[in-house]
Amino acid sequence: MAAAAGDAPSGAQARGPGNHGEPNHGLRIFLIWLVVAVVADVLIWVVWGPHLPPGDMATASGGQQFDIKVMAALAAPVMAFVLIYFGYALVVWRQREGDEEDGPALHGNTRIQATWITVTSVIVLFLFAFGTYELTTAQGAGAGEGPSPIWKPNGAKPLQVQVIGQQWRFTYRYPQFGGFETTQLMLPKDQWVEFHVTSLDVIHSFWAYQLGVKADANPGTDNVAFTKPTQLGQVTVRCAELCGLWHGAMFDYGHVLSPAAFASWANSTRAQLASVTKILPPYATTYDPTVIPNINKAMAKAGIAGANGYYYPPQDPAQP
Amino acid sequence: MSLPVRVATLVAAFIAVVAGGAFLVIHYLLGGPPVEDFTATSAGQVNVTMQEAPQTSVTSKPDWVSYFIKSPTTQQWVHTTLFKVPAGTRVNVTILGYDGCTPLRNPFWSKVTGTVGNVAYVNGKPQSVINSWSGCNVGHTFSIPGIGLNVPMATPPLTANLCGSSPCTAGPRTVVKFSFTTPKVAGDYFWQCRVPCGGGFLDGFGGPMQTIGYMTGNMEVVS
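Protein chains in written order, with my numbering: chain H, 1 to 320; chain Z, 321 to 543.
In short, the hints are calculated from the structure, not lab data. You may find that some hints are simply not true.
What the hints assert, rightly or not - Dumping the calculated DSS-like pairs for lysine-lysine here, alpha-carbon to alpha-carbon at most 25 Å: (1) Z/404 to Z/390; (2) H/69 to H/214; (3) Z/445 to H/301; (4) H/278 to Z/445; (5) Z/445 to Z/390; (6) H/278 to H/301.
Input sequences plus hints: build the corresponding full structure.
Take a look at the structure:
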């Protein structure tokens, strides 16, 4: 297309292809584009990049930030070319005062078309390959990948945290600390965390923004996500799936602590919640009321049980 | 049709459309349960009395369970779950539990949290954990997630004949009392029941569980 610009009419003075008095528009556009693209990419990578969401507080979020930087660095030259060509055409090839002459007929240019198709195809295919690869590495491990995640941290012993979505609160269970459950999300710095995300009512989505973790919480499903916090600080947790009346209020704040502070918190919380921990069902990666004897016994006593742990039989009084 | 008739018809139609729109806005968007005002303190405290009833015979959803609030001015039971309290103030809550038991889906909410002393008084006895799975003795909860408040509501005995019309004024019941301090900052704090008590809806999570005025509501803290 850049070469076509050199062939394009430029008002009364343009004389069509082969006009030796005409400047080389293609070269001009290319040089302008080259300077703008280089400057834009440097600015994106060095200045804007470190501030791109979701930050780099953890491995997963840092990976996502890197991915966005790559995409922005690729997109900027493409966008710059489109805008520069547009602007150049407006300035250089605008109709001059008193110019009533028709422009020359346009003809296709196989070389330009082939170049355009090749370049855009290469970019798209690269992004496809890059994105697919990133999903299979630690970079993509913050997204819930089901019960059998593609990537796992090698050799590390992650801290397991079960995330239980329920209207309208997330609770967190720590199976390596006696299985206590709490409304507080506390994590140690520089240790891999293995989230097991599930729900005990409707579909929720656990979105720990600064950690780069976003995993659907589906009832009966163990959705595993990994991340390693690399900075101390506060983490915003939101539900990212419309889950009922108070969905908008379903958020809380987690904290990344030093390993010593985390150990202290975990041990004191374990002791503090012992009275309720002992009545929790044994830790399991999903919540299934049909296999919890105590809940079935309680429902049988109340005479309200449906079948196998479900709260209400289908005829009580009408299913929506 | 004469011109005056046509104009009159047009004006009448216009007024009808505007009136219909206004009715829809007022009735469906701005309408809702009344807000009970507990901002008048006594000795720096407020007292809120509520009940949970096994049905709502005063509404078009008679088979839905519901909370009621006793009006601080008329002392009458009002079908609402919206109330207003002052900021930074101790609120003494009394909830009369007329409904029967339904086990908590997550027994974590058996623990009393966010109250003064992290206890609730069930028929006068302090309790910090009320296990709904051990004997089916929890009917609902009163939970305000924004301030970490959670109180399971104990129920009358399993064999009791529950009150048959609401608001309940007689019949077997439990009396659950607790106190908490409102935040110093004004704002809205939703509250909810954590027992899936929406009978007739999938796993009990619909109907009254999702409807303001029944098993969920709002506490407005004013400064």
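- Message: residue 69 of chain H and residue 214 of chain H were given as a pair; does the straight-line alpha-carbon distance stay at or below 25 Å?
- Response: Within the cut-off at roughly 19 Å; holds.
- Proposed proximity, residue 445 of chain Z with residue 278 of chain H (alpha carbon, max 25 Å): Between residue 278 of chain H and residue 445 of chain Z the Cα gap is close to 22 Å, so the pair holds against 25 Å.
- Message: Hinted pair, alpha-carbon criterion (25 Å max): residue 278 of chain H, residue 301 of chain H. Please report holds or violated.
- Response: It holds: about 21 Å lies between the C-alpha atoms, which stays within 25 Å.
- Hinted pair residue 445 of chain Z and residue 301 of chain H, Cα distance within 25 Å: Holds. Residue 445 of chain Z to residue 301 of chain H sits at ~24 Å (cutoff 25 Å).
- Keeping to a limit of 25 Å between CA atoms, is the pair of residue 404 of chain Z and residue 390 of chain Z held or broken? 13 Å, holds
- CA of residue 445 of chain Z to CA of residue 390 of chain Z, is that 25 Å or under? Holds - the C-alpha atoms of residue 390 of chain Z and residue 445 of chain Z are around 23 Å apart, at most 25 Å.
In this structure, none of the earlier numbered hints is contradicted; all agree with it.
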